[in-house]
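Engineer: Chain residues, written in single-letter form:
2 protein chains.
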Amino acid sequence: MKIAVTGATGYIGNHLVPVLGKEHEVYAIVRDTSDTVGIEAHVKELVVYDRERIYDLLAEAKPEVLIHLAGVFYGEHNAENIANLLESNLVFSTVIFDAAAAAGCRKIINTGTYWQQFSGERYNPVNLYAATKQAAEDILLYYVKAKGCSAVTLQIFDSYGPNDHRNKILNIIKNLEDGAAIDMSPGRQKMYYCHIEDLVSGYLRALSLVNNMEHGTYARYALREEEPKELRVLIEEFLKISGKRLQINWGGRAYRDREIMDPAGIGTVLPGWKPRYGWQQGVKTLLDERYEDI
Amino acid sequence: MKIAVTGATGYIGNHLVPVLGKEHEVYAIVRDTSDTVGIEAHVKELVVYDRERIYDLLAEAKPEVLIHLAGVFYGEHNAENIANLLESNLVFSTVIFDAAAAAGCRKIINTGTYWQQFSGERYNPVNLYAATKQAAEDILLYYVKAKGCSAVTLQIFDSYGPNDHRNKILNIIKNLEDGAAIDMSPGRQKMYYCHIEDLVSGYLRALSLVNNMEHGTYARYALREEEPKELRVLIEEFLKISGKRLQINWGGRAYRDREIMDPAGIGTVLPGWKPRYGWQQGVKTLLDERYEDI
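If you read the sequences in order, they're chains A and B.
Okay, so the first sequence: first residue is 1 according to this note's numbering, each after it adds one.
Okay, so the second sequence: first residue is 1 according to this note's numbering, each after it adds one.
Any given hint could turn out to be false.
Remember, identical chains collapse to one label, so a pair may be satisfied in a single copy or spanning two.
Claimed, not checked - Once the Cα atoms are required to be at most 30 Å apart in a straight line, the calculated BS3-like pairs of lysine-lysine come out as:
id, residue 1, residue 2
1, Lys147, Lys168
2, Lys2, Lys229
3, Lys174, Lys2
4, Lys244, Lys147
5, Lys147, Lys229
6, Lys22, Lys190
7, Lys284, Lys147
8, Lys168, Lys284
9, Lys240, Lys147
10, Lys284, Lys2
11, Lys229, Lys44
12, Lys244, Lys44
13, Lys62, Lys240
14, Lys229, Lys62
15, Lys147, Lys190
16, Lys44, Lys174
17, Lys284, Lys44
18, Lys44, Lys240
19, Lys190, Lys44
20, Lys2, Lys244
21, Lys284, Lys62
Hints were generated in silico from the structure; no laboratory data involved.
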């Protein structure tokens, strides 16, 4: 199949595109500033995004499926970053859905976040980032209802794995020197961590699902295991596995504003998919240098 | 009260602002290109929108209520107008909610459309315009849930009245010469028409409601009468009242794509509000030149 992928050079994209590229023609939609080294060998074409030219570019590529991974994340927005947040998560998302649909694409896989469901409600966004994700879903529904697309939104929880250079807690801890001290929240918030390879298999499963859905139908599925675990338990296991000694000052900082303390049961787990990596096995891939820079 | 109003120079704004101005300090948020002649005498201040300066401007004005009327309408979007549609209805809306909330404003009245509910469903957008209205509501809910604002979205159906220079069917017919011919759809779609003075009283009613709502609560209300009427019946009555003779070729053109044929029962009518203008009386205000350019 011909598959257009946004966010192809992000953390998920860098792992998903090489796998997709084995069986499909991948059109990676990138910025002219993106570092495409990790995906170049695996794509049919790099399509450099430009709001006006993207319609012609996709009309030429004629993708059958769009996998929309791109998104900008700010835990807290402000008067300075709000323009970028809206441009990426709302304007870019809409234009990409629109250009893909105009090019005849009728299958879309979109990416959401469990932060759209603070306290488990159908919709209650943790932050403005999560609100833009919900808003993009409602835009996507126009292409489902009015243009006959079938679409799936995959709701992502926390992710981790090798080659992860994002500024996230596991990487911060991994990169600290032995003996270093770090302030953390009390750590009693429960988390779902999903290994990058399980995320990749989730997108592949969604690809097969969306191919078999009727036109004009929509579903939202969660990529998570059954039970969340306390962050504190996860981090302590991480330290044990890695043999790293840190002075973690639990409670040295406050919980995040509107922290989700227990995400248990948020969303419907993607049918026909199960994460293969337990925490112990997953953490090992993160620590094993053979996995780095593959 | 101090009330910030967007879209203050649009059709609703031009009628609402003079009424608000009698009792409140109105801060009209306008573009540097807006024609402000009709509202200047009724506002405390014209605030010229600029994405970066708006935070400071509203921090200075300290509005207690935001009435968000501004919006761009395209019945059909395309690769050319989509940027403007998204900039106005999503980016501008979000930045205004954000800047108002940052300035301490905790009461918001927002404007939606019955086109968010094709075939009466909770959400099924007629067109991308309607999808942007739904998406803006998603964003607004962030300010309700996370920032403790109370907010009301007023769902607007068709509107009409004197001084209406929009390119809408009643104006087109009104401006045709006697004896002229015009192609119309078969005209069997039912419509809710709301007179501009009734819309104004609806916003005033919403203002009093939102002032009494608890922090962090939200409601969406419809500004419509009980029963919709067929467009054909409405137009024929219009011709009778006006004494105009036209050759209307009913069925000479197709219905709009995804035309709402029967909006009966969409939304919950705003409590404590009732339209005062019947069709006959309303049409007379439209035809009476004394009402023009007031």
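Engineer: Decide, hint by hint, whether the structure agrees.
Structural biologist: Hints, verified against the model:
1. Lys147 - Lys168: Intra 38 Å, inter 26 Å, cutoff 30 Å: inter-copy only.
2. Lys2 - Lys229: For Lys2 and Lys229, the Cα distance exceeds 30 Å both inside one copy (38 Å) and across copies (48 Å).
3. Lys174 - Lys2: The answer is neither: 38 Å in one copy and 52 Å across copies each exceed 30 Å.
4. Lys244 - Lys147: neither (54 Å within a copy, 40 Å between copies)
5. Lys147 - Lys229: For Lys147 and Lys229, the Cα distance is within 30 Å only across copies (29 Å; inside one copy 41 Å).
6. Lys22 - Lys190: Classified as neither: same-chain Cα gap 36 Å, cross-chain 54 Å, threshold 30 Å.
7. Lys284 - Lys147: Neither, since 45 Å and 41 Å both go past 30 Å.
8. Lys168 - Lys284: within (17 Å within a copy, 65 Å between copies)
9. Lys240 - Lys147: Answer is neither: 52 Å inside a copy and 40 Å across each miss the 30 Å cutoff.
10. Lys284 - Lys2: Answer is neither: 35 Å inside a copy and 59 Å across each miss the 30 Å cutoff.
11. Lys229 - Lys44: The answer is neither: 40 Å in one copy and 55 Å across copies each exceed 30 Å.
12. Lys244 - Lys44: neither (42 Å within a copy, 63 Å between copies)
13. Lys62 - Lys240: neither (50 Å within a copy, 53 Å between copies)
14. Lys229 - Lys62: Close neither inside one copy (43 Å) nor across copies (44 Å); limit 30 Å.
15. Lys147 - Lys190: Classified as between; 24 Å across copies, 39 Å inside a copy.
16. Lys44 - Lys174: So Lys44 and Lys174 fail the 30 Å test inside a copy (35 Å) and across (57 Å) alike.
17. Lys284 - Lys44: Intra 33 Å, inter 64 Å, cutoff 30 Å: neither.
18. Lys44 - Lys240: neither (43 Å within a copy, 65 Å between copies)
19. Lys190 - Lys44: neither (41 Å within a copy, 51 Å between copies)
20. Lys2 - Lys244: neither (45 Å within a copy, 58 Å between copies)
21. Lys284 - Lys62: neither (41 Å within a copy, 54 Å between copies)
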